[in-house]
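K.L.:
Hey, can you work out the whole structure from these sequences and the hints?
So the sequences go chain by chain: A and B. So the first sequence is numbered by my numbering: it starts at 388 and just counts up by one. So the second sequence is numbered by my numbering: it starts at 6 and just counts up by one.
Simulated from the structure, these hints should not be mistaken for lab results. Some hints could be false.
What the hints assert, rightly or not - For the chain A half of the interface with chain B, some residues (derived, Cβ under 8 Å), not all of them:
no.: 1; residue: Ile448
no.: 2; residue: Trp503
no.: 3; residue: His508
Backbone N, C-alpha and C fix where the C-beta goes; we use that ideal spot for every residue, glycine too.
Chain by chain, the residues run as shown.
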Amino acid sequence: MLAQLWVAENIAFGIIALTMVVAAIRVVTTRNIVHAALYLVLVLAGVAAQYILLAAEFVAITQVLVYIGAIVVLFLFGIMLTRAPMGRMHDTDNEQRVVGATISVVLAGVMGYTLWKAFGHQQFADIQVQTTQQVANSIFSSYLIPFEVVSVVLLAALIGAIVLARRD
Amino acid sequence: MLLNQFLFLGAVLFCTGVYGVLARRNGVMVLMSVELILNAVNINLVAFGAYRHDLAGQVFALFVIAIAAAEVGVGLALVLMIYRNRQSIDVDDVDLMKG
Chain A
388 MLAQLWVAEN IAFGIIALTM VVAAIRVVTT RNIVHAALYL VLVLAGVAAQ YILLAAEFVA
448 ITQVLVYIGA IVVLFLFGIM LTRAPMGRMH DTDNEQRVVG ATISVVLAGV MGYTLWKAFG
508 HQQFADIQVQ TTQQVANSIF SSYLIPFEVV SVVLLAALIG AIVLARRD
Chain B
6 MLLNQFLFLG AVLFCTGVYG VLARRNGVMV LMSVELILNA VNINLVAFGA YRHDLAGQVF
66 ALFVIAIAAA EVGVGLALVL MIYRNRQSID VDDVDLMKG
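P.N.:
Put into structure tokens, the structure is as follows:
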């Protein structure tokens, strides 16, 4: 029973992870900026699905609401307000492409090796569903002060964005 | 499930984001790559939280999501200002302070 459950979850993980990696690579390589934003939606939805696999329901819902609902729309507004060409662009990448690709491949190799050495075969014993209620209790008891600080940071960012984007 | 499969996924997303930040010209596209990096970190936080049966991972992931929202708001306002002043959002052209 348990083994079957893990098989299903592993297959789901594989499919979602493959989709996410392909979409992420398209985000950084496509020449059409609107397509990049839409591939970003695919990556963010995949991240939300991984949170569901890890039984983190509240974070998954927040991911969909905040990222797909708000941040991607903000990106699309940014694309339109800066009058980016809607079709393919020719100079989306600079001459650091080869260097950047080398750096990221080396970084991936180093991180992969380190992770393999550090967490080689550690399995999830079981994944307990952590309900929204538990998360809320934790935020409003142990993490109350960081929570309030984050609210002030969001307010400051909001005011700052309005001040910066305002036409004088 | 292995803990490592989530960490590897996070690492691959992180490296993709790093490539985007380094190689993209368009300011909005650079911000999108930063989002990829932040999401990679969030996957790691939630995976460790689930592995250790600890709520702190999820709480930190929520904080990172809130900070990412603030970062995108201010970042896009900055990109808009650059566009308004220079009629272009090519980040390679913003080199006034280069010696």
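K.L.:
Are the hints correct? Go through all of them and say.
P.N.:
Here's how the hints hold up against the structure:
1. Ile448: violated (11 Å)
2. Trp503: Result: holds, 7 Å to nearest chain B Cβ.
3. His508: Result: holds, 7 Å to nearest chain B Cβ.
When held up to the earlier numbered hints, the structure conflicts with hint 1 and nothing else.
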